[in-house]
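So the chains spell out like this:
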Amino acid sequence: MQYPTDIKIILVPCTGKLDVLHILHAFEKGADGVYAVGCMEGDCHYNSGNFRARKRVEQAQHILDAIGVGGERAQMYNLSSSEGPRFAQIAVEMDERIRKLGPNPIKLAKNKAA
Amino acid sequence: MIVADKKPIEEIIEEIKEHEKILILGCNECVTVCEAGGKKEVGVLASALRMYFLNQGREVKIDEVTLERQCDHEYLEEIRDVMDQYDAVVSIACGVGVQFMAEKYHDTPIYPGVNTCFMGVTEKRGLWTERCQGCGDCMLARTGGICPVSRCAKRIFNGPCGGSVKGSCEINKEIDCAWQLIVDRLKALNRLDDYEELSPIKDWSTDRAGGPRKVVREDVQE
Amino acid sequence: MKEKTPSKLEKILAAGHMAVTSECGPPRGSDPEVIVEKANLIKDHVDAINITDNQTSVTRMCSLAACIRLKLMGLEPVLQMVTRDRNRIALQSDILGAASFDIYNILCLSGDHQSFGDCPTGQNVHDIDSMQLIQTVRHMRDEGKFLGGDDIKRPPQMFVGAAANPFADPFEIRVPRLAKKIAAGVEFIQTQCIYDIDKFELWMKMAGDRGLLEKVAILAGVTPFKSVGMARYMKNRVPGIEIPDEMVKRMADTPKEKQPEEGVKICIESIERLKEIKGVRGFHVMAIEWEDMVPEIVEKSGLYPRPSVE
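Protein chains in written order, with this note's numbering: chain F, 5 to 118; chain Y, 3 to 224; chain G, 60 to 369.
Do not take every clue at face value.
Here are the computed lysine-lysine pairs in the PhoX-like style, where the Cα-Cα straight-line distance is at most 25 Å [unchecked claim]:
id, chain 1, residue 1, chain 2, residue 2
1, G, Lys334, G, Lys315
2, Y, Lys63, Y, Lys23
3, Y, Lys168, F, Lys59
4, Y, Lys41, F, Lys33
5, Y, Lys126, Y, Lys63
6, G, Lys239, G, Lys264
7, F, Lys33, Y, Lys23
8, G, Lys258, G, Lys294
9, F, Lys116, Y, Lys8
10, Y, Lys189, F, Lys59
By construction, these hints were calculated from the structure, which means they are not laboratory data.
Given only the sequences and the hints, what does the whole structure look like? Please build it.
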């Protein structure tokens, strides 16, 4: 199963571990996009971790819109751990979305400043 | 606790946009509980502002500190040595903290990052509601523990006013009619006869009307 | 009840007659003719005319000025005073202003919240509430003193009234609330408009059982429907008004052009039923923006001509 090579995967025991700050710091450091992949809603191994992750992704989206980076760069997806092909599909979808949006303006600004 | 709500980031940006070295100062108490001004919120605000300014082509120094409280001298003193590094502070403590900071650090502009709203309770995470307005002369013994000053939109002492509908205030059906609550409570306490006692005219001089207030306890002063 | 003031309304009630009052809303401007015209429409059919006080929190000419206008016309005003807009200094001050023009009737109210009106971002005052205002007027009249304790030169001689709503929530304290107002010193009550006569009768009976009806004169409020739309609006959107379904149906079943006539008929029938209820001492006819209908209602209810008293 293939998926785009410019995706960096960070493993967490549950997407509930993802904090808003992780998402924001990633963009601050130059990431062009951030997405969380959690279990299907209702199937979270820790009950509500994936619901919390979704709320935090939404919070990050609002902030990213307010500061001109663009909320669509952050996304939440849900799938079952056995759905390998779907995982690849999501990766491709996210990759295409970000390519269309272009590089993170923060990254460009930082490069200019350096 | 004191309940506050985050100011929109656009408003904060407007306050600080002329500055280049900014400290975001949080508070570990009330504003942490109502998720408006604690360490987490400091981190989020600082990151968002750094990215905003970068996007504008400016690299603005934005540091993060969270104090235990901003209403006691000793905690505000903790940052004495670093204050000269900043040309502005955004305090996301309640209005008390913002003002105390301004008093202590006379030469540095201190901007508010939250709107301080009321003294209230956490009904559930994400929902905080008002309970007390600090009138200075607590009458809760007479009303079964429910305050007509803070919970009645007309602060009526001999209520209800006749505008309530099915236990909701006339101004908004999501607001309980305080007097319905009081009647229900007096009933539960078997004290419905107390309802007919006429509540005397309030002395508002202990409230805001009497001017800025203070509490003095000589027995504990050094 | 022995009269305590020169109020014509008090005298009419003391003489044992059914009293009739109505109301005028002041204009949203400074033209006194509006008040003069409205008052002229009803003056021979009522004993006293209420002037509302920034009703629904919509800014209008003040009640006091309009009451003075009525007084200059030789008519009997009832000064409505809400506690929403004035602190105790201003309230006492306006009471003296009214008394200086020999205005002898006052209706003490809290007032609708300012969010309903044209200045929703304004402050509200509520320094004292309507019950405490009743106490204040009685104190000024009977003790001749200000709230602060000083003597008043030429104290006001006002007949003190308040509103009552037998249909407001919660029902269980509606009679205790009346008792409270009487203990505070109220002498006459104008009720909110009555459509559910059975429920009103129950309230009156409960009040009578407590001996309250001997201590206060209750004027039953009535308002004619102009249309079925108005009936529905009042039933669904106005707090503290209860309208039986049959009454709305009766309006709905009437052809549109005949609805005003039917509304007036219902009003007159209500008055006839209310006359029979023990303790009803008169009527407060609120024909909102329909003042010209008041004479017909009063006449067809057998309440005309109005008695004269000295």
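Do the hints match the structure? See the list:
1. Lys334(G) - Lys315(G): 30 Å, violated
2. Lys63(Y) - Lys23(Y): 5 Å, holds
3. Lys168(Y) - Lys59(F): It is violated: about 34 Å lies between the C-alpha atoms, which goes past 25 Å.
4. Lys41(Y) - Lys33(F): 20 Å, holds
5. Lys126(Y) - Lys63(Y): 36 Å, violated
6. Lys239(G) - Lys264(G): Holds, at about 17 Å.
7. Lys33(F) - Lys23(Y): 20 Å, holds
8. Lys258(G) - Lys294(G): Measuring from Cα to Cα gives roughly 15 Å; hence the hint holds.
9. Lys116(F) - Lys8(Y): Answer violated: Lys116(F) to Lys8(Y) is near 32 Å, above 25 Å.
10. Lys189(Y) - Lys59(F): Judged against 25 Å, a Cα distance of about 42 Å means the pair is violated.
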